[in-house]
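2 protein chains.
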Amino acid sequence: MTSHSRQITLTPIAVVRGGRSEVFEDGWGAEVATLVLDPDVLDPNATDGLAEFSHLEVVFYFHREDRVRRGAAHPRGNPAWPRVGVLADHSPVRPNHLGVSRCRLLEVSGMELRVQGLDAIDGTPVLDIKPYASGFVPRGPIREPEWIAELMAGYY
Amino acid sequence: MTSHSRQITLTPIAVVRGGRSEVFEDGWGAEVATLVLDPDVLDPNATDGLAEFSHLEVVFYFHREDRVRRGAAHPRGNPAWPRVGVLADHSPVRPNHLGVSRCRLLEVSGMELRVQGLDAIDGTPVLDIKPYASGFVPRGPIREPEWIAELMAGYY
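Chains A and B supply the protein sequences, listed in that same order.
Quick note, in my numbering, the first sequence goes up one by one and the last residue is 285.
Quick note, in my numbering, the second sequence goes up one by one and the last residue is 285.
If you're looking for bench data, these hints aren't it; they were derived computationally from the structure.
For each residue, glycine too, the CB sits at the ideal point set by N, CA and C.
Heads up, some of the hints might be wrong.
What the hints assert, rightly or not - Across the chosen pairs, the derived CB separations fall in these ranges: (1) B:Pro168 x A:Gly206: 20 to 28 Å; (2) B:Gly156 x A:Gly206: 19 to 27 Å; (3) B:Arg272 x A:Val222: 44 to 52 Å; (4) A:Gln136 x B:Glu275: 36 to 44 Å.
Unchecked claim - These stretches of chain B come out as covered by chain A in the derived footprint (C-beta under 8 Å, 3 or more residues): (5) 151-158; (6) 186-195.
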């Protein structure tokens, strides 16, 4: 398993400023925050053309979480929902502590991106920012279990 | 900028086996590959409940790419499309070389996930696998420039 075990070192390209300072599970839709780009990593024209997109896809690091779940658990500890494996859940308690979320892009201002609805707290390191393209969504009908629709009902 | 510069070290949770062995830009939709989970990182019940989802979201590392683009360029080098910043493009030539894609989940078999339409080549390290949930898509209408619809036309 040598190809598995090689570690990968990444450098944050930005940091989240503003928005929530503590994690709450629900109601992220109204939160506004700023992605402050790191000028040591990105040139000023890294954002050229970005304002033509209404939404971003952001890859970030759950920097406050150090627990790791490798197996199954009830999502949010709720016994009303089935025990599922870590790969079937979006919990931050996971290997590598990576989050991937979509948010609205409100404004591009120099090296700052103002966004709405990003579920990451103040101080979160950002590892990548991509434009949200409708051509990248899944092809074919989506099937998902009922518990995740219940979990997401109040998320945004 | 100290919070920006702290590096983050990740351990692949899986590797892509099968599918393409070289990068081509288009026609990924029919490709079938296997995500082989690393038993040193994940327990056997990490996939419990995963088969109830039709699609996955996969975070992977473009391990064959070592060029980094920090500013603007024509997507795919095509002068018919505007020069855009690296954050407005999905090119693998970017800081951190992270890819985020959706694919169909065909089968869960022990520590192997058979998938279709993943745009990652044989040997690609996988950093995270999440279930695709329709509640995580952007809220509100999507706006995007015309060039990306042209670029995506033959992608899957």
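Taking the hints in turn, this is what the structure says about them:
Our hint of 20 to 28 Å for Pro168 (chain B) and Gly206 (chain A) holds, since their Cβ atoms are close to 26 Å apart. In this structure the supplied range 19 to 27 Å is violated for Gly156 (chain B) paired with Gly206 (chain A), their Cβ-Cβ distance being about 43 Å. Between Arg272 (chain B) and Val222 (chain A) the beta carbon distance is about 35 Å. The supplied range of 44 to 52 Å is therefore violated. At about 41 Å, the CB distance of Gln136 (chain A) to Glu275 (chain B) agrees with the hint of 36 to 44 Å.
Coverage of the segment 151-158 of chain B by chain A is violated. Counting CB-CB distances below 8 Å, 1 residues qualify, and the rule asks for three or more. Check result for the segment 186-195 of chain B against chain A: holds, 3 residues qualifying (beta carbon to beta carbon below 8 Å, three or more required).
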